[in-house]
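Knowing the structure of chain A, use the given hints to seat chains B and C on it.
Residue numbers (this note's numbering), protein chains in the order written: chain A, 1 to 297; chain B, 298 to 425; chain C, 426 to 1033.
I should point out that these hints are in silico values taken from the structure, not numbers from a laboratory.
It cannot be assumed that every hint is accurate.
Chain C residues, not near chain A, derived (Cβ > 10 Å throughout) [to be verified]:
{"id": "1", "residue": "K746"}
{"id": "2", "residue": "W803"}
{"id": "3", "residue": "I807"}
{"id": "4", "residue": "I849"}
{"id": "5", "residue": "H853"}
{"id": "6", "residue": "L908"}
{"id": "7", "residue": "R1007"}
{"id": "8", "residue": "D1028"}
Chain A stretches covered by chain C per the calculated footprint, using a threshold of three residues with CB under 8 Å from any CB of chain C [to be verified]:
{"id": "9", "region": "36-44"}
{"id": "10", "region": "230-241"}
Note that the structure is a prediction, hence the values are computed from the model and not measured.
Cβ atoms here follow ideal geometry from the backbone N, Cα and C, with glycine treated the same way.
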Amino acid sequence: MEIPYTVKPRPDTGLYNAKLGIWLFLASEVMLFGGLFSAYILLRVGADLWPHGMLSIPIGTFNTFVLIASSVTVVMSWASLKLGKLASFKLYMTLTIACAFGFLGVKSYEYYVKFTHYDVWFKDDATAQKYFTAAYGEKGEADVRKHFVERFHLHNTKATYDPHEIQLAGHIQGNPLFASHKTLAKAKTEKIMFEPDPKFGSHDHPKAIEIPVSDVKRLSAYVPAHSTYFAIYFTITALHGLHVLGGALVLGYFLVTADKWWKKAPEQFANRIEVGGLFWHFVDLVWIFLFPIIYLL
Amino acid sequence: MSHDHSHSHGPGQACDHGHDDHNSPEAIQRTIKKYLMVGGILFGGTVLTVAMYYVHIPSVAMTIAVALLIASVKAAFVAGVFMHLSDERKMIYGILLCTVFFLIGLMGLTIWAMHDPPMQTLIDGKPA
Amino acid sequence: MQAKTSTHTQEAHSHEHHHDPGFLRSYVFSTDHKVIGIQYGFTALAFLFFGFLLMMCMRWQIAKPGVPIPVVGGMLEAMLGDVAKGGVMSPDLYNAFGAMHGTIMVFLAVVPLAFAAFGNYVVPLQIGAVDMAFPRINMASYQSFAAGGVVMFVSFFIPGGAAQGGWTSYSPLASVIPTNGQTFWLIGMVLLITSSLLGAVNFIATVIQLRAPGLTWMRMPFFTWAQFVTAFILLLAFPPLEAAGILQLVDKVFGSSFFLPSGLVVSGKPYDVSGGGSPLLWQHLFWFLGHPEVYVLILPAMGVISEIIACNTRKPLWGYKSLVYSVLAVGFISFIVWAHHMYLTGMGTKISTFFQTTTMIISIPSVIILTCLFMSLWGGSIRFNTPMLFSLAFLPMFGIGGLTGLPLGFNFSDLHLHDSYYVIAHFHYVVAPGTIFALFAGIYFWYPKMTGRYMNETLGKTHFWLSLIGMNLVFMPMFFQGLYGMSRRMSDGGATYALTNPANEGVVTALTSTVIKLNVFITHAAVLLLIAQIPFIINVFMSMFNGKKVESDNPWQATTLDWQTPTPPPHGNFTKEIVVYRGPYEYSVPGHPADFTPQNMPDPKPAK
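With the rest of the complex left out, here is chain A:
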């Protein structure tokens, strides 16, 4: 028993099975990410506050370059096979996979930075005022409020915000991951040493301040529970990251078994690379939309 058209295209459709299969799969992926992008639009349009400028644009840009480069190398690796150059195929494929892991490494670093960065909401405005003054001085408080307004607004959106809800951003001494007011309460922690972020546009770190947990209404690292903004950011980028990882593993498998396949069924091997490449380009394509939407807008 042999299944037809695994290598050669079927004459009337002009396609071999795997190529049709991957396009069907990509169609479903379009709907998957389409659903997530719809969620993003609806949450954002419906939100009272939407943070802005929370992600590092240089890092995001770098990662975009990495992914674009990998897209070029993967298509080059396929073209090399078509020209019969196995060695240059291997080189390009290695580069692709290196790019993939480079991308994931940078992404992990970005995640780590967010997971150790905290916002504190205080129990009332007077308390908040006290700590803002402690951190930034009498005059500094107004600046922070101004920055807060900027941070939460896309240029001139007329979003309303509750001035009582201004939060103090910074690090907790010892850089714990994933702490929250719930975990602090559970661990019966009484106070935390908080290192506020530098004022907007400056690099001077204010000195650490002591905050009793009883003054804290809410404390959250930059994790999905922080806000719908971080929730959608982490969910979409993590899902995208899983696609990068999955793609890299499959392409890696193709690379490792290249010699064997090239000897046995070169044409089918080229097809496999083409199909794997199609998936890889799609992952790149998602990022092309993700980057401006999440980092820039």
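Relative to the frame of chain A, chains B and C by itself:
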């Protein structure tokens, strides 16, 4: 089917099926140039997007429109050239057309539904 | 798959060259579409029965609230603990059973049976293919399905029990119930959706790529068409639900607020989350699948019915082309009707009108399909065997289900009927005496091909008549209950809102005792329905060993390619070269030697 084929050809001749003119070494050489050019366009597009961010367009709608326009152009190049969509079979176009139609339905109708408020209830001609 | 085919290319491949693959490879990890189809079939039938038993427990609680459940009450207490204290079903357990009944019936029973089981077994045979296009993906699809089933099943036994938020899992309700049942439900769903996607890719690729020479699109049997459209619906409608499932999972596990609004209060206390999410977003993403899913349930059933009707009337299907175009239209429009499930969410009038209009439009091709099937009976010499009886019953039953859906599709009448027993009666008429009857018909019809033996006719007819009576006695009264305003989610069968409850004295909308008494009647009818399934279960297992043996490979004298294989079909399906010369339903063609002309039989006369 493919059975006698994979034996009769050496590894170097893996590229003689289907639409031959697209798979001849010369054609591949030409497409390689195209790939590199598209790579350049994608890099340029990214630089442009980031530059637009620092320029600060006053209108929100324009900002979004410009960012999405650049992204769409980049995406079109990836899909068209890298994924060979500019020269693909009708079957694939059909499938993708359906997908795009349903995607627009999903996004458009959901957003419409969320922003079409129910009619106001009037009591004595005034909103309740 | 590819590795396998290429190793075959190294060998001299002939049909005699078969190595015995061993038990595990042939029955558990098989890549043969027929084995996978049977695996799906048995798993789905088991879940169908399990889902039915859940409902039996609930029906008892509705009819006799607070009375220990006979027979299984003690067992439930032993297995589930306090939620079934003294053998009495607690409201929590009722909610869990209700949610899981819906989930299991839709995602683990009917869809796998209609689409995956029949599709896997029959579609490659009907198009003259050796197997599915991607046999290993096919196996992965079943394994993902089985894993999803296990996760769903296990969730009954975790502390707090299974999901309680209804099969629709509306947030915030589903997200704030403080147990892990919902988390299990979501993980189970992600596995099931993955399985469906793999299956759908495979079906579409198979139908497009592996049709036998000569089998043009308009020569494809209607069953294959229906499965093809169904696969497209699954492929494109399921991913948004997968997205929603992932978002709700993140809500549940990482404490985010995708579907939790600001200012949410639970049990009198502000709920400690960031807020800012949108409960309506879940409903949109859910119903974007939820409605097309209805067509996933019904299209394969229509496919089965049309094969059986054509064969047992001994005449071509009436309006084959209309059927094909209608099924395509249904598939297409099914994507833009979903918000008719959401009229009560405060949508505006414009968007309501839009969805009302599309809903009415989609009923047109559905009616065309049903009409074509009715017309096909006209002038046929009908053979009243068991599969045909089930098929004939399907037509009016589905008709009732479909027509009673119209008042739900209109905004103004839906305001009254929404979330009442009327809705339950409506969609159960579509799915239970509709789809499930079609699936029974399919089992009786293709059983001889799978096993080489007929199922017993006496048991089959007993099964049919008792089921037909039982189904109608169960679901018809629910229309009346619903019209009287009985809400669908009450664990006490409406006792709280009954006129007999002293608290409701003078309340004009309270439920009359007639409405409440129907509960007991329906429960008795449900017991009849349970009894009606016994002959079927006996029949399936007994006929394997001592059913009447088939006289030929084509026992029903059908025209399609699935009957042109040996019985049961071997690995690789066909022993001869298959070339198709004609349309799928050439029955009783004047001048042909027999009253059926198989698709692969060349014309006796020279080609026109």
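Evaluation of the provided hints:
no., hint, in the structure
1, K746, "20 Å, holds"
2, W803, "36 Å, holds"
3, I807, "38 Å, holds"
4, I849, "28 Å, holds"
5, H853, "29 Å, holds"
6, L908, "36 Å, holds"
7, R1007, "19 Å, holds"
8, D1028, "22 Å, holds"
9, 36-44, "holds (count 5)"
10, 230-241, "holds (count 6)"
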